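A.B. asks: Listed below, chain by chain, are the residues.
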Amino acid sequence: MSGPAYNFAYLNEQTKKMVRRAILKAVAIPGYQVPFASRELPMPYGWGTGGVQVTAAILTPDDTLKVIDQGADDTTNAVSIRSFFSKVAGVETTEDTDSASIIQTRHRIPETPLREDQILVYQVPIPEPLRFLEPRETETRKMHALEEYGIMHVKLYEDIAQHGEIATSYAYPAKVNGRYVFDPSPIPKFDNPKLDNSPALQLFGAGREKRIYAVPPYTAVKSLDFEDHPFSVSGWDKPCAICGSTTSYLDEVVIDDQGGRMFVCSDTDYCKKRRPA
Amino acid sequence: MYVAVKGGEKAIAAAHKLLAEERRGDSAIPAISTAQISEQLSLGVDRVMNEGTLYDREWAALAIKQARGDLIEAIFLLRAARTTLSRFGYCEPLDTSAIQAKRRISAAFKDIPGGQVLGPTFDYSHRLLEFELDAPPPAEVAAAAEAVAMPRVLELLGHEGLIEPASASDAAPGDLTEDPLEFPASRDLRLQNLARGDEGYLLALAYSTQRGYGRSHPFAGEIRHGHVEVSFIPEELGFAVTIGEIAITECEMINQFKGSGGVPPQFTRGYGLVFGQCERKAMSMALLDRSLRAGELGEERVAPAQDEEFVLSHSDNVQATGFVEHLKLPHYVDFQSELQLIRRLRKGGEKP
Amino acid sequence: MNAPLLQVSGLTKNYGSTPACNDISFALHPGEVIAIVGESGSGKSTLLRCISGQMEPSSGAVAYTHADGRVTDLFAASEAERRNLMRKDWGFVHQDARDGLRMGVSAGANIGESLMAVGSRHYGKIRASAEDWLSRVEIAASRIDDSPWSYSGGMRQRLQIARNLVTAPRLVFMDEPTGGLDVSVQARLLDLIRGLVRNMKLAAVVVTHDLAVARLLSSRMMVMQNGRVVETGLTDQVLEDPQAPYTQLLVASVLQA
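These protein sequence lines are chains R, Z and V, in that order. Each residue of the first sequence is one higher than the one before, counting from 1 in the numbering used here. Each residue of the second sequence is one higher than the one before, counting from 1 in the numbering used here. Each residue of the third sequence is one higher than the one before, counting from 1 in the numbering used here.
It should be emphasised that the hints constitute simulated quantities derived from the structure, not laboratory data. Note that this is a predicted model, so its numbers are computed, not measured. Glycine residues also receive a C-beta, built at the ideal position from the N, C-alpha and C atoms. Be aware that one or more of the hints could be misleading.
Stated by the list, open to error - Once the Cα atoms are required to be at most 30 Å apart in a straight line, the calculated BS3-like pairs of lysine-lysine come out as:
#1 R:Lys222 / Z:Lys65
#2 R:Lys16 / V:Lys125
#3 Z:Lys110 / R:Lys194
Said to hold, decoys possible - Over 12 Å on every C-beta distance to chain R, these chain V residues come out as not near it, computed from the model:
#4 Ser40
#5 Asn84
#6 Arg98
#7 Ile126
#8 Gly153
Produce the entire structure from the sequences given, and follow the hints as far as they go.
C.D. replies: Right under this line is the structure:
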């Protein structure tokens, strides 16, 4: 019995070509969900297979890869995906946002502003923003095709009617380039403004649901809202307990069983660099 | 303490080490070999090959060993290995009429040309634990059955026009391992999806059709299990060559149909085909194939088993287990957003 | 009189070899209410589904004249055009309000959805319209955030009507709008519908098996039997002096009751 010999970045070239074609189409139609023949990978569906396939398809031997989960480089899944690529592609990896050429992420956009020569690859669990309002794929594709997005606002209306504000705190839907409503993956809505007009190419891969979509560089991304209830994000009362940042997204850390809490940056690289030496 | 919340490479490595130890179990007990799994847990191997969509007994047996007997995990391992393999092309359609049948039964007719061949089956055994199995006497080797012509049972009905003709097409079938599934899906893709689908899921849905949720009045027209040849036309040769033999189980269901529109009443077909001897799976597949034809036959779609998007979108256990289990991954960031939101909403108190 | 709002020509719909509607033609003018009357199985509901673009007929055409004079051939038009028409110019009131409402969201959202579907993005204005429409269909504004599940059958039907009329459509299709309701509730609902249709100068096609509904709402009526129109005329005339034997039977059976 013998094992298979792995190609660079695990996927075979046929598969990579197929993924690249889907990526090109996605870039050409910003926000449109391009179906692609997602493959099985050595990690489970729902654990980043879409992002891994996108990264594998665009990765070159000269790239430097950073992988984050919840903003951190040291979370289990980020560690696992990073070690996967260093094993099957031998590429350099980094925790430093600035020196990465490709950043694969789950649930966050780095605090450090991205550049034109960087690509941000998102792992997406449910690519369809209309899914929980309309379960049928045949119907949701039609709704996108005909720009029938009224139902998205029904959800927002209900939130305001019941809570006085839009009670969607992550995976907050937005309209890309004035046309397609899309799901930016479960990033906190705090990160939505970073999607807009970003110099970096943003690619989204949903492995289980077999969809790839993209926000090309410098593309308008407008979070859905009402004229009299405009999209807004709120910050924290306190700065980061470690680096003192008042502008970053903070994780809540339970420090004892007496209800004690501290708030620290979710972006570990950002926090580390700001920390007093 | 901050770092402790995050995972860390050391913790992962330690978890892997522990897994390897647990997998080996008590080292005083001899380790099981993949050959033993392949030979003695052969139905488990069949299932892993089916849902793993790769006919390779050795790899499937290794996957079962590596997965500590968790078949869905083994299926997942086999799928991930399959992904890396290069594709040479598609084989010619299997000629299941030329099967070397180990088992062949029909529940629709008592006597059929070629005979009822019971073969290796649990069907007629008493399900009593056989304690002597732990130290068994050498099994007697059965004499190989002579090949007899076995015409298809459903064709016997076809002569009278009592059953719809089997659909035949030279068109290349779709392949959802190469192209994503889109709805509405054609029958070839539905069958492929079902063949890869979870046995338990198919069984439960098929069962629901028997209990009135989309009834299709089935009879097991014919079930056959045995070996068939696989042939392939290499581009450089231009003619078919036999490249091997695989074990399969095929099930053809006969279903009642009252007729609708301009179609007269006649029997209709449901079809199932699987690797190895996964009879339960082949039968479930045939029932679901038929229930999913509701639209085509002008039947009202009211039950889950008739709902193509529902059935096909949730059949894959590798997808399902991944997504269900991904809830174990950290969701700190989203949860933090929700915490903040709920606190804010509670502070806001009354409606505006 | 102007060009007809809706022109139905030679419409036939077969189920298998059986025609459910056979060669039906009629015109509906702006502001006119026509009732299609017949017993169950007469083909009236199939006809309604075809002329409202929900089902494609086997043959025949339906032409709709827009406010600006443009004419759309319903079944030659793209699905996008058809759905656009349904959102902006038409309404459809189902017999069972659950089919016409989004039961999972509040009453206010049900009315608001129609506005949001045509582009409203101002929460305050949407809410004000929803409150206004609730009062027009005699539902207390305090019920605006309640789920339609908490509404009675009559209230659900009135909510469905509000959801349909809030965008000021030009044409409304109604399928047994009072069917399944108590008699006392029916009368109140019919009054309400009549008032709204008149005030808004709506054109409507009302399918009903109930001659009383036809009498109260429509100016013209068509009587259907076995997929064919057996009699058509001004509602008062048809009811007072029915010509076709089947219509005579219908009218007589109501008078006896």
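A.B. asks: Next, verify each hint and record whether it holds.
C.D. replies: Here's how the hints hold up against the structure:
As the CA atoms of R:Lys222 and Z:Lys65 are separated by approximately 51 Å, the hinted pair breaks the 30 Å bound. About 50 Å separates the Cα atoms of R:Lys16 and V:Lys125, which puts this hinted pair outside 30 Å; it is violated. Distance hint between Z:Lys110 and R:Lys194 is unfulfilled; the C-alpha atoms sit about 72 Å from each other, more than 30 Å. Look at V:Ser40: its CB is around 30 Å from the nearest CB on chain R, clear of 12 Å, so calling it non-interface holds up.
A cut-off of 12 Å between C-beta atoms contradicts the statement that V:Asn84 is not in contact with chain R; the least separation is 8 Å. Every Cβ of chain R is farther than 12 Å from the Cβ of V:Arg98; the closest lies at roughly 17 Å, confirming the non-interface assignment. The Cβ of V:Ile126 sits about 7 Å from the closest Cβ of chain R, inside the 12 Å cut-off, so the non-interface label is violated. The Cβ of V:Gly153 lies farther than 12 Å from every Cβ of chain R, with a closest approach of about 23 Å, so its non-interface assignment holds.
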